[in-house]
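Using the sequences plus the hints, can you model the full thing?
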Amino acid sequence: MAETKTYREALREAMVHELDNDESVVLMGEDIGVYGGTHLITDGLIDQYGPKRIIDTPISEAGFTGAAVGMAMLGMKPVVEMMTWNFSFIAADQIIQNAAKVRYFSGGQVEVPLVIRGPNGGGVQLSAQHTHSLENMYAHFPGLKVVSPVTPNDVKGLMITAIRDPNPVIFLEAGALYGTKGEVEEGDNAVPFGKARVAREGSDVTLVAYGRQVNLCLRVADTLEEEDGVSAEVIDLRSIRPFDEDALVESVKKTHRAIAVQEQWRWFGVASEVAAIIQDRAFDYLDAPVERVSGAEVPAPYARNLELAAFPSAQQVANAARRVLYMEEK
Amino acid sequence: MSAENDHPENGSEETRAEGAVATDTDRLVDLYREMALIRAFEEACQRGFRQGKIGGYLHVYIGQEAVATGFLQAFKEGDRVITAYRDHAHALLLGSDPKNVMAELYGRGTGIVKGKGGSMHLFDVEKGLMGGYGIVGGHIPLGVGFAYAQRYGESDNITQLYLGDGAMSTGAFHEAANLSGLWGKDGMNPCLFIVENNQYGMGTSVERTTAMTDLGAKFDAYGMENEKVDGMDLEAVIECAERVVEQVRETGRPYAVEALTYRTAPHGAADFFEKYRTKEEVEEWRQRDPIGLLEKKLLEGGALDEDKLDEIKGETKERINEAVKFADESEQPPIEELYTDVYAGEDEYLGEA
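First to last, the sequence lines map onto chains A and B.
If you read the first sequence in my numbering, its first letter stands for residue 1, the second for the next number, and so on.
If you read the second sequence in my numbering, its first letter stands for residue 1001, the second for the next number, and so on.
Treat the hints with care, as some may be off.
Stated by the list, open to error - Computed cross-link-like contacts, DSS-like style, restricted to lysine-lysine with a CA-CA straight-line distance of at most 27 Å:
id, chain 1, residue 1, chain 2, residue 2
1, B, Lys1325, B, Lys1297
2, A, Lys52, B, Lys1076
3, B, Lys1228, B, Lys1308
4, B, Lys1218, B, Lys1185
5, B, Lys1325, B, Lys1127
6, A, Lys52, B, Lys1296
Honestly, the hints are just simulated from the structure, not real lab data.
The following block contains the structure:
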């Protein structure tokens, strides 16, 4: 059974499912209760579950994120909303120095079943301080898990898995896509971590992405098919750490070419990791160098035209595909 | 310290303390023994560090013993304790075996956290110790979270959250104290903030780090009752601890105590001692050394005599020597331990070995 729902509704459904399922689950964050949440993900939940489980916090990311780490260490399962991931820099010490490492430096005496969630990435003219894609930053730290779902079904299924996971999970939502719709399975549709999804099957080139850029790649795949007669496969990583190396390698063994697309900056990003994994495990299968399509190396600008130019475009991705196929660019 | 060490001696009734609380003499003698053991442990750590047996940083509790010793008198099973990196005393007082604590400092597999944390990260979750933490102020929000979880679980347990004067200039402190005060309004934060004000954050005095040097009063801003206690006077600390812990347990509201104390040892193992404080100042505080004060009182009252003192010192020395020997003879952690405890669950290690 599946129904068409928005990304927002699917996300909320996952949290409600686990709130009902497990008394130790609580939600906390700025304006998530009475106000209903900046993105209305949690609207009305405070009436249903009360203020001890739906906790409105002050503007205090370090404080409440750290408190959530403490709650998790004593067996609660807090789901912390970062109003946007841009504010997580304030809480980075808590996330990196405490949540990610305390299990290790306690010699395995504690677990931190914590989820931190919120919108990641840009696309809605929020400019420099409110536009970041932080997947590589958080995925860099052993002890954290990082996921970045793009479909409504995956946002629900990965959130259910995240809440049940005994480790701290960085849950990066595609903030620009809260209103987008898709089929969502009813009930418990837990999606495992570390499993990529073939968003579209193809045979000539592999487009690798996650989050919002998956949709871009799907549009490009249509264009390539219509205009160039090229069959592009689109891999949606879904999970950044753990990373599904096998799915990536399998696809490249079939297509012999890969383009890694990311909204974040090129240097030291996830796309570089994708390229490294492919050269490591599928070097002999490659018919062209792996290309990376990334955001411009600038703080995110405000003006619409500049912002569009700062993120990967369909044309850039399509031309990268044409290059690795030794076709003429358009 | 461990229960096996708690064998009360026969103290004489007439030496019962004349404080606001009747702390009986047997108990004081026991606590004297505990503080002496902590002191001897720390001195052995300093030697081990200089011998190159202990790596990393080393922060000892010398001079501050009465604070944790007194407050942990009010600890009951199920309570939680969290502190920063000056954490050896807290572990020993909660009953962790000095052997495993010393082995941790020596980087051994028999260490209390399997040789993975060292001096700054002692944990003994079963006994209530939720850790020592290395980033000044960074542990404070965790303690506030523990207290919320304790009330969420409807227990009457509390969290003893230790912090230094230096931590009170961090954002994490202010954010966490605000949350604690706020949640406490609904009885959801039985957290006792214990400020171990040893007068210096590393080498910078309180006067040189904050315009408002009344650290206890800073908690007023967060709606938290607070008081000061003479952290060199064990009996004063116990009196305060038992009273305020009771209140926190009862109300679910946080409370703050500023314990005025002094680190007579250097900050870390490498410390330019004389640059930031005078010999006279250190000497003045040494006159009020918590162990010295208690020893004097117990000697004067007749609860201790020189023979008894020698006996305690002998026992202490023996236990510490055993701990050092155990640490020295223990094996380093097996190399496989490198990759364990990164993640909980079946997929324990998500990297490449």
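Hint check:
1. Between B:Lys1325 and B:Lys1297 the alpha-carbon distance is near 33 Å, which puts this suggested pair outside the 27 Å criterion.
2. Proximity of A:Lys52 to B:Lys1076 is assessed by CA-CA distance (about 25 Å); at most 27 Å being required, the pair is judged to hold.
3. Distance restraint check for B:Lys1228 and B:Lys1308: the Cα-Cα separation of roughly 33 Å exceeds the 27 Å cut-off, and the hinted pair is therefore not satisfied.
4. This hinted pair checks out: B:Lys1218 and B:Lys1185 have alpha carbons roughly 18 Å apart, not beyond 27 Å.
5. Our distance criterion of 27 Å between C-alpha atoms is met by B:Lys1325 and B:Lys1127, whose separation comes to about 24 Å.
6. Distance restraint check for A:Lys52 and B:Lys1296: the Cα-Cα separation of roughly 51 Å exceeds the 27 Å cut-off, and the hinted pair is therefore not satisfied.
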